[in-house]
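Chains as they are written, first to last, in the numbering used here: chain C, 1 to 585; chain S, 1 to 585.
To be clear, the hints were calculated from the coordinates, so they are not data collected in a lab.
None of these values were measured; they are calculated from a predicted model.
In silico lysine-lysine, PhoX-like type, Cα no more than 20 Å apart, as pairs:
id: 1; chain 1: C; residue 1: Lys138; chain 2: S; residue 2: Lys299
id: 2; chain 1: C; residue 1: Lys545; chain 2: S; residue 2: Lys468
id: 3; chain 1: S; residue 1: Lys66; chain 2: S; residue 2: Lys137
id: 4; chain 1: S; residue 1: Lys545; chain 2: C; residue 2: Lys545
id: 5; chain 1: C; residue 1: Lys545; chain 2: S; residue 2: Lys577
id: 6; chain 1: S; residue 1: Lys557; chain 2: C; residue 2: Lys457
id: 7; chain 1: S; residue 1: Lys545; chain 2: C; residue 2: Lys577
id: 8; chain 1: S; residue 1: Lys137; chain 2: C; residue 2: Lys299
id: 9; chain 1: C; residue 1: Lys297; chain 2: S; residue 2: Lys137
id: 10; chain 1: C; residue 1: Lys557; chain 2: S; residue 2: Lys509
id: 11; chain 1: C; residue 1: Lys509; chain 2: S; residue 2: Lys548
id: 12; chain 1: C; residue 1: Lys468; chain 2: S; residue 2: Lys545
id: 13; chain 1: S; residue 1: Lys468; chain 2: S; residue 2: Lys491
id: 14; chain 1: S; residue 1: Lys230; chain 2: S; residue 2: Lys17
id: 15; chain 1: C; residue 1: Lys321; chain 2: C; residue 2: Lys299
id: 16; chain 1: S; residue 1: Lys557; chain 2: C; residue 2: Lys509
id: 17; chain 1: C; residue 1: Lys517; chain 2: C; residue 2: Lys495
id: 18; chain 1: S; residue 1: Lys465; chain 2: S; residue 2: Lys491
id: 19; chain 1: S; residue 1: Lys509; chain 2: C; residue 2: Lys548
id: 20; chain 1: S; residue 1: Lys548; chain 2: C; residue 2: Lys545
id: 21; chain 1: C; residue 1: Lys299; chain 2: S; residue 2: Lys138
id: 22; chain 1: S; residue 1: Lys297; chain 2: C; residue 2: Lys137
id: 23; chain 1: S; residue 1: Lys517; chain 2: C; residue 2: Lys545
id: 24; chain 1: S; residue 1: Lys40; chain 2: S; residue 2: Lys273
id: 25; chain 1: C; residue 1: Lys200; chain 2: S; residue 2: Lys200
id: 26; chain 1: S; residue 1: Lys545; chain 2: C; residue 2: Lys517
id: 27; chain 1: C; residue 1: Lys137; chain 2: S; residue 2: Lys299
id: 28; chain 1: S; residue 1: Lys548; chain 2: C; residue 2: Lys548
id: 29; chain 1: S; residue 1: Lys294; chain 2: S; residue 2: Lys321
Protein chains: 2
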Amino acid sequence: MEYRILKNVKGPADVKKLSESELVELAAEIREALFNRTTKIGGHFGPNFGIVEVTIALHYVFESPKDQFVFDVAHQTYPHKMLTGRAQAYIDDEHFRDVCGFTNPVESEHDMFYIGHTSTSVSLASGLAKGRDVLGKKGNVVAIIGDGSLSGGEALEGLDFVGEMDTNFIIVVNDNEQSIAENHGGLYKNLEELRNSGGKCENNLFRAMGLDYRYVEEGNNIAALIEAFKEVKDINHPTVVHIHTQKGKGYPLAEKYREDWHYAMPFDRETGKHLHDYSGESYSSIFAEKMLDKIEKDKSVVVVTAAIPGVAGLSQEVRGKMGRNYVDVGIAEEQAVAMCSGIAKNGGKPLFVTTATFAQRVYDQMTQDVSLNSNAVTMLLFSASIYGMGDATHIGISAMSMFTNIPGVVFLSPTNKEEFGAMLDYSLEQNEHPTIIAVPNDGVNSAEYEVARDYRKLTYQVCEKGEKIAILALGDFFAIGQKTAKYIEDKTSSKVTLINPRFASGVDKELLDELIKTHDVIVTLEDGILEGGFGQKIASYLGSKDVKVLNYGFEKKFYDAVPAPVVLEECRITPEKIFEDISSC
Amino acid sequence: MEYRILKNVKGPADVKKLSESELVELAAEIREALFNRTTKIGGHFGPNFGIVEVTIALHYVFESPKDQFVFDVAHQTYPHKMLTGRAQAYIDDEHFRDVCGFTNPVESEHDMFYIGHTSTSVSLASGLAKGRDVLGKKGNVVAIIGDGSLSGGEALEGLDFVGEMDTNFIIVVNDNEQSIAENHGGLYKNLEELRNSGGKCENNLFRAMGLDYRYVEEGNNIAALIEAFKEVKDINHPTVVHIHTQKGKGYPLAEKYREDWHYAMPFDRETGKHLHDYSGESYSSIFAEKMLDKIEKDKSVVVVTAAIPGVAGLSQEVRGKMGRNYVDVGIAEEQAVAMCSGIAKNGGKPLFVTTATFAQRVYDQMTQDVSLNSNAVTMLLFSASIYGMGDATHIGISAMSMFTNIPGVVFLSPTNKEEFGAMLDYSLEQNEHPTIIAVPNDGVNSAEYEVARDYRKLTYQVCEKGEKIAILALGDFFAIGQKTAKYIEDKTSSKVTLINPRFASGVDKELLDELIKTHDVIVTLEDGILEGGFGQKIASYLGSKDVKVLNYGFEKKFYDAVPAPVVLEECRITPEKIFEDISSC
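Taking the hints into account, I'd like the entire structure generated from these sequences.
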């Protein structure tokens with residue numbers, strides 16, 4: 001591919017010089033560049049293919065960075081990056097790693113925020129507008145938000161707030177009729193009516209929020225988009241430009257199977273098939289199978305997701321089988337957790353499955369709506385781990401510092417698949433307290449030690465009894481604990497005590513009181529930020545005792561796509577380093 | 001007052017037996033009972049006086065607890081409590097303490113949840129409905145939500161989700177045209193249009209969310225309400241009943257000054273004047289004055305609140321003077337924090353002021369929208385303390401375990417008013433990191449030691465230099481630290497080291513390394529739950545060193561209206577107990 005036009009676009013100014021036909025050619029080249037990158041290293045697919053024309057028109061009409069764009073989630077900004085000096089990262093394989101998957105001010109002055117969570121664009125942009133106004137600056141502020149993101153509380157709060165602003169503010173609603181999976185929520189009926197009526201139906205969600213409104217049916221037609229954007233440029237009040245686009249536009253498979261092609265792993269362009277094999281046992285498949293079985297036997301079980309069923313192996317087929325015992329609330333984590341509290345109150349067995357990074361949205365709901373009411377909600381956290389870490393926007397290593405300190409919440413960290421299953425069984429059967437279960441991330445292991453069925457009493461499991469040194473290795477760091485024990489035993493010829501704490505949310509005081517009679521050093525290992533986590537509870541409890549405590553976990557910082565082995569080495573979480581530390585304390 | 005009818009209402013069944021005129025008499029008696037309690041011990045005033053007729057009509061038409069009511073915030077449930085067997089707590093002064101200020105399942109089977117935060121009713125009730133349906137139960141589910149609560153993200157997520165439900169669900173929108181202060185947000189224009197048109201205007205927010213809708217203009221007319229509720233009882237799909245009520249109905253002062261009378265301190269019924277004097281210097285007044293002064297000098301400063309300006313001394317007069325440098329986003333904490341990030345990005349100096357309990361809503365926004373972007377947002381937390389604690393629904397002792405573990409967030413704990421002012425100045429001047437400042441709660445003290453101006457480097461302040469024992473006393477527990485040091489010095493004739501850590505979010509390693517050379521015991525004191533807080537960071541850092549660490553803070557549990565001295569005693573946070581512990585370790 002030659003990229004005749006794209007290669008000469010060094011910034012938005014170069015877009016403005018192009019003729020209408022050249023803009024159309026540019027769109028084709030951008031799609032080729034998208035193919036080049038995603039076929040080889042994967043990435044968000046459907047969102048980027050759908051927004052090519054919108055992005056071109058935005059940069060054609062507005063003057064970034066004087067005019068400021070805030071892309072919601074920012075996973076649809078590959079075309080934006082190409083038009084703002086970063087095309088190399090898509091057309092030249094050597095430069096793939098120059099850019100991250102989201103907007104990032106460190107990369108470019110055209111990126112306003114480093115983000116990756118949904119539903120934030122309107123609120124963030126409202127701040128840009130307020131800052132602009134109090135400082136007497138000029139320029140347009142434009143939030144670009146997908147239909148899927150509209151159901152999030154922060155987005156709805158933002159729309160409502162902006163509806164009262166008396167200043168320039170433009171909200172581009174990029175409506176491709178799809179969230180990650182299908183959309184859920186009453187407002188999507190209104191979007192459909194708006195699309196069907198060309199924006200002229202009786203009720204209008206956006207007008208009801210106090211916003212001006214216009215509709216563009218041809219959301220992949222550059223000329224129509226340019227006309228619409230010119231109309232709203234420099235507008236003196238908040239307005240919505242509702243645009244109807246085609247998700248995955250330009251790749252028939254992606255246009256048809258929109259959920260499968262929201263994100264793509266490396267694939268063959270001809271066939272659409274993955275280049276690598278991702279089948280095989282995983283905690284997602286174990287979970288999905290187990291829950292199907294449970295629901296078949298017990299109609300009070302309800303599995304809830306907030307728009308990310310795929311994370312938990314809940315394919316369209318599995319969801320279909322679960323019927324009304326499966327609920328996708330759309331992107332609306334607060335709704336998900338509060339609803340689970342109500343389900344439990346009325347005798348149901350709710351389980352909310354999400355990722356650790358998105359669980360950050362429900363701190364208040366887990367505290368007030370759930371735990372204060374002692375309602376037995378189960379929350380399952382995927383990716384609460386340094387393993388498989390990606391961008392800092394999605395890292396899940398704060399799960400323990402966030403949730404293990406909330407009164408009444410029992411936080412369980414299984415070390416293998418049998419224990420995972422037993423904890424899941426326990427959590428759904430009891431009706432006394434909320435439970436959070438952190439899914440292991442370092443592959444699927446089988447139990448080597450006995451697995452308990454009952455987790456009512458907070459007790460740690462002593463797996464190996466030794467002396468002098470005890471290692472408390474939590475969750476998927478149990479394997480590191482095993483390796484470390486073995487390493488130390490080889491070095492010292494003395495047996496090390498190995499403990500599976502199971503509970504991240506509390507201290508087994510009885511066991512620790514016993515341990516310190518025969519041990520000089522207690523080591524804790526956890527797959528999370530050290531501050532506020534598991535190990536510090538142990539150090540605090542033993543602070544006044546005659547024993548040394550060494551806590552291992554991560555630093556309190558935003559790790560950004562750092563490979564797990566590098567972090568482990570940095571934080572001295574290796575058998576060698578741990579032994580070194582023990583020896584010198 | 002005789003309470004002829006109310007005294008015979010032992011439960012909802014007794015309400016159903018009354019004639020129309022008796023129901024009207026009952027309303028008058030309920031208002032008398034409200035006066036009896038609120039004049040003497042205070043409480044939420046306007047919300048309860050406004051909802052008397054709605055509550056009577058609900059219990060007349062529906063069959064609680066088979067039909068389930070979920071009151072949003074639940075601060076308007078005094079009439080509900082009176083009609084469900086708890087009238088004594090309002091008419092008999094001896095029984096005032098029988099009930100808390102919110103619904104609570106421990107009190108009555110007619111209360112579904114123990115809640116106190118806004119905007120949760122629709123989501124919680126959606127769970128009740130889902131639980132009912134999967135278990136094949138019968139009955140109506142009714143969420144009762146005020147107009148002010150509608151702007152909250154959880155409420156909007158809930159409305160949207162329910163708009164897709166295909167089952168019985170009733171949402172009573174109790175519209176008294178007022179939040180705590182005035183309403184803010186575009187949707188309130190729509191509510192106004194709906195009221196003005198008798199529910200018949202072109203756009204309808206609720207219909208745009210997929211909900212059925214009807215309007216009742218006379219929201220304080222029992223007969224009209226009974227008719228409306230009978231119409232929707234056993235409905236087979238979700239519907240809104242939008243009711244127009246008068247906040248503070250029945251007390252002219254409260255009808256006129258709705259913000260002042262949202263919550264009342266004990267008052268004289270004739271004059272409306274407080275029985276006690278609440279004037280005098282407070283951190284609220286100090287803050288309001290300081291910010292007025294700042295804004296006068298610097299137009300880039302923006303003070304933001306989410307509907308609770310009164311907490312921070314931001315009276316209508318102060319707000320008026322602040323002009324466009326003051327923003328009330330309505331009940332919408334996520335919007336507030338994300339907006340602040342945008343303001344900072346564009347060069348403004350945003351400060352969000354809230355209470356610790358409501359800050360639970362912005363964990364994700366402080367992490368992703370703010371800190372990951374290194375935007376210099378200041379968040380000021382009132383009531384992050386055991387002092388002045390009320391119901392468990394509003395306790396703020398989790399502030400440190402929540403926020404001191406987020407990467408990049410600097411959490412400052414001033415010990416007196418000069419330090420508070422200096423930290424505020426610093427925070428607004430720098431543009432490198434978000435700052436959280438916990439306002440002291442144990443009265444207003446003046447500085448006895450030098451106050452720093454610059455908090456760029458994390459360093460603790462050594463106030464008194466001693467040996468053997470060092471006390472690190474954080475924030476408003478510094479006074480306890482001082483007392484404890486003096487007590488120990490009296491007992492041991494040995495000088496104690498007294499430290500003001502200032503930073504709750506990190507460890508001054510250099511100082512601690514130095515300290516342990518001459519000290520055997522390090523004591524930490526903090527006004528918060530111990531787990532995940534300040535002291536455990538110290539215990540962890542010193543875990544491998546030859547020194548004892550004693551952490552003092554609160555247990556991880558939901559303290560419910562326990563007086564501070566009781567908690568302090570329970571947690572051994574007194575000079576005597578601390579000395580006892582030091583002596584025995």
